[in-house]
Amino acid sequence: MTTSTVPAHVEHRANPMQPQPFRVRKVQNDTHDTFTMNLTPVDGGAEFKFQPGQFNMLYVFGVGEVPISISGDPTAGGPLVHTTRAVGTVTKAMRKLKVGDTIGVRGPYGSAWPVEEAKGSDIVIVAGGIGLAPLRPSLYYVLRHRHDYGKVVLLYGTRTPSDILYRKEIEGWRSRFDLEVYVTVDRAIGAWHGNVGVVTNLIPKAPFDPLNAVAMVCGPEVMMRFTALALQKRGVTPGRTYLTMERNMKCAVGFCGHCQFGPTFACKDGPVYRYDKIRWFFGKREV
Amino acid sequence: METLEPYLAEHPFFRGMAKRHIELIVGCASNVRFDAGQYLDKEGEEANRFWIIRHGRIAIEIFNPTTGPITIQTVGEGDVAGWSWLFPPYVHHFDTRALELTRAIALDGKCLRTKCENDHELGYELFKRFAQIMEQRIEATRMQLLDLYK
Chain Z
115 MTTSTVPAHV
125 EHRANPMQPQ
135 PFRVRKVQND
145 THDTFTMNLT
155 PVDGGAEFKF
165 QPGQFNMLYV
175 FGVGEVPISI
185 SGDPTAGGPL
195 VHTTRAVGTV
205 TKAMRKLKVG
215 DTIGVRGPYG
225 SAWPVEEAKG
235 SDIVIVAGGI
245 GLAPLRPSLY
255 YVLRHRHDYG
265 KVVLLYGTRT
275 PSDILYRKEI
285 EGWRSRFDLE
295 VYVTVDRAIG
305 AWHGNVGVVT
315 NLIPKAPFDP
325 LNAVAMVCGP
335 EVMMRFTALA
345 LQKRGVTPGR
355 TYLTMERNMK
365 CAVGFCGHCQ
375 FGPTFACKDG
385 PVYRYDKIRW
395 FFGKREV
Chain H
5 METLEPYLAE
15 HPFFRGMAKR
25 HIELIVGCAS
35 NVRFDAGQYL
45 DKEGEEANRF
55 WIIRHGRIAI
65 EIFNPTTGPI
75 TIQTVGEGDV
85 AGWSWLFPPY
95 VHHFDTRALE
105 LTRAIALDGK
115 CLRTKCENDH
125 ELGYELFKRF
135 AQIMEQRIEA
145 TRMQLLDLYK
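Protein chains in written order, with my numbering: chain Z, 115 to 401; chain H, 5 to 154.
What the hints contain is simulated information worked out from the structure, not anything from laboratory work. For glycine and all other residues, C-beta sits at the position ideal for the given N, C-alpha and C. Check before you lean on any hint, since a few could be wrong.
With a Cα cut of at most 27 Å, we get these calculated BS3-like pairs of lysine-lysine [what the hints assert, rightly or not]: (1) H/Lys-23 / Z/Lys-206; (2) Z/Lys-364 / H/Lys-132; (3) Z/Lys-347 / H/Lys-132; (4) Z/Lys-319 / H/Lys-132; (5) Z/Lys-210 / H/Lys-132; (6) Z/Lys-398 / H/Lys-132; (7) Z/Lys-347 / Z/Lys-233; (8) Z/Lys-319 / Z/Lys-282; (9) Z/Lys-364 / Z/Lys-212; (10) H/Lys-132 / Z/Lys-282; (11) Z/Lys-319 / H/Lys-23.
Only some residues are given here: those of chain Z computed to face chain H with a beta carbon under 8 Å [what the hints assert, rightly or not]: (12) Met-131; (13) Gly-243; (14) Arg-273; (15) Leu-293; (16) Glu-294; (17) Asp-300; (18) His-307; (19) Asn-309; (20) Val-310; (21) Gly-311; (22) Thr-314; (23) Lys-319; (24) Pro-321; (25) Met-337; (26) Phe-340.
Generate coordinates for the entire structure from the input sequences, incorporating the hints supplied.
So, in structure tokens, the structure goes:
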């Protein structure tokens, strides 16, 4: 099983460094610091195709450019969807964009979740915080092709109940009979009656067959380290565990080297990696 | 007459334990149920039991006079709650409250401590299992303290 490479339509594009102007069609605040934007090409161009797990470089004109994972449905067409956390100069400026404003988009870039290769297996999606956003396209894909997979389990951990991303949508997923959803929070007071504890606590009892499961993990790096270990303890091999790495991506096409991660570039060889391929340097300091 | 032995033997906490040890433990066991909101243990009370959870979910809480109860962790089916009965002065450090209808097996700590003193093999088996739970809980607590999603 391998991760996908940069798609041909990106590699063959005349200038992969040139952003295409997109119009902001909708902005929705998800939590106190995250928001989701729907974008469409200014020139009304072709449908934006991508694979689950890929990212775009989003350019706020006059401010700067940042890599943001695509969080929409890869099978639905329609607008390009990005969920972003406002933490830096660019993303804070991005949050101020309004419907009708223009933003630059380069992409899609990077490797993808192995949704095709995982057909026939159980799927375990483990997300921490805003890490649910890059995993959402793979969940859409799997649900769209539900008969091709065994059990599908989403394990989601956040800081507090008010940090839960896509709350309404998660409620909808929980009501499905063909999807198991477990949410846990690190801290809770008051009216929260759900699980409390770290997301790794959910792994030992989650209903999937570890010998026939493919795990997809996204969240803070420390969370992914412990999640990979917990999955291994349950019996999911590193060769069937995938995770996505965040690094300082600049060019997004493997030229500049800013996002070097061991012997790889996160923009080109990642962001989705198979755990056994990076295990020997994953978690090492200054890699 | 049906005993609790098969339930104990099947529970993940006791899985793989020798039959003679299960037979010793079952003499300290009783079947219990709690309604949502009912407390299993209260902080400061004498700790003489632990809980083998069969169904339902419970919250391990600490009470803050200014904000009310704070949930530290939730545990459910297949889990174990309570180890204060293992260590003097045998006092609960947290509240334990059922979040929904919960069925559990209560194990009498005094009864078990005596049996462990008389049968050190049984004691070693039990402590190994509790040590593993403590290790998992400490690791989870450390991760919570890291505040990863900040």
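Quick rundown of the hints versus the structure:
1. Restraint check: the Cα-Cα separation between H/Lys-23 and Z/Lys-206 comes to about 62 Å, which exceeds 27 Å; the hinted pair is violated.
2. With a C-alpha separation of about 51 Å, the suggested pair Z/Lys-364 and H/Lys-132 falls outside the 27 Å cut-off, and the hint is violated.
3. Restraint check for Z/Lys-347 and H/Lys-132: the C-alpha separation of about 18 Å stays at or below 27 Å, so the hint holds.
4. In summary, the hint linking Z/Lys-319 to H/Lys-132 is supported, as the alpha carbons are separated by about 20 Å, within the 27 Å threshold.
5. Distance restraint check for Z/Lys-210 and H/Lys-132: the Cα-Cα separation of roughly 55 Å exceeds the 27 Å cut-off, and the hinted pair is therefore not satisfied.
6. Between the alpha carbons of Z/Lys-398 and H/Lys-132 the distance comes to roughly 32 Å, so the proposed pair goes past 27 Å and is violated.
7. With a C-alpha separation of about 23 Å, the suggested pairing of Z/Lys-347 with Z/Lys-233 holds against the 27 Å cut-off.
8. With a C-alpha separation of about 25 Å, the suggested pair Z/Lys-319 and Z/Lys-282 falls inside the 27 Å cut-off, and the hint holds.
9. Our distance criterion of 27 Å between C-alpha atoms is met by Z/Lys-364 and Z/Lys-212, whose separation comes to about 25 Å.
10. The suggested pairing of H/Lys-132 with Z/Lys-282 is violated, with an alpha-carbon distance near 43 Å, which exceeds 27 Å.
11. Taking the CA atoms of Z/Lys-319 and H/Lys-23, the gap is near 25 Å; set against the 27 Å cutoff, the hint holds.
12. For Z/Met-131, the interface hint is violated, since its Cβ never comes within 8 Å of a Cβ in chain H; the closest pair sits about 33 Å apart.
13. The beta carbon of Z/Gly-243 is positioned within 8 Å of a beta carbon in chain H (closest approach about 4 Å), and the interface hint is therefore held.
14. Given hint, Z/Arg-273 at the interface with chain H, holds; its Cβ is 4 Å from that chain's nearest Cβ, closer than 8 Å.
15. Because the closest C-beta pair between Z/Leu-293 and chain H is about 19 Å apart, greater than 8 Å, the hint is violated.
16. The restraint placing Z/Glu-294 at the interface with chain H is violated, with a minimum CB-CB distance near 14 Å, outside the 8 Å limit.
17. With 8 Å as the threshold, the beta carbon of Z/Asp-300 comes within range of chain H, its nearest partner Cβ sitting at about 5 Å, so the hint holds.
18. Evaluation of the Z/His-307 hint against chain H yields a held restraint, the C-beta minimum of about 6 Å falling below 8 Å.
19. Annotation: interface hint on Z/Asn-309 holds; nearest CB of chain H at approximately 5 Å, less than 8 Å.
20. Interface restraint check: Z/Val-310 against chain H, minimum CB-CB distance 4 Å, threshold 8 Å, status holds.
21. Checking Z/Gly-311 against chain H: minimum C-beta separation of about 4 Å stays under 8 Å; hint holds.
22. Because the smallest distance between the Cβ of Z/Thr-314 and any Cβ of chain H comes to about 7 Å, under 8 Å, the interface hint for this residue holds.
23. Given the 8 Å rule on beta carbons, the hint for Z/Lys-319 holds: about 6 Å separates it from the nearest Cβ of chain H.
24. Restraint check, Z/Pro-321 versus chain H: the minimum CB separation of about 11 Å is more than 8 Å; hint violated.
25. A cut of 8 Å between beta carbons decides the hint on Z/Met-337: the least distance to chain H is about 5 Å, and the hint holds.
26. Of the supplied interface hints, the one on Z/Phe-340 holds, with its beta-carbon coming within about 6 Å of a beta-carbon of chain H, less than 8 Å.
When held up to the earlier numbered hints, the structure conflicts with 1, 2, 5, 6, 10, 12, 15, 16 and 24 and fits the remainder.
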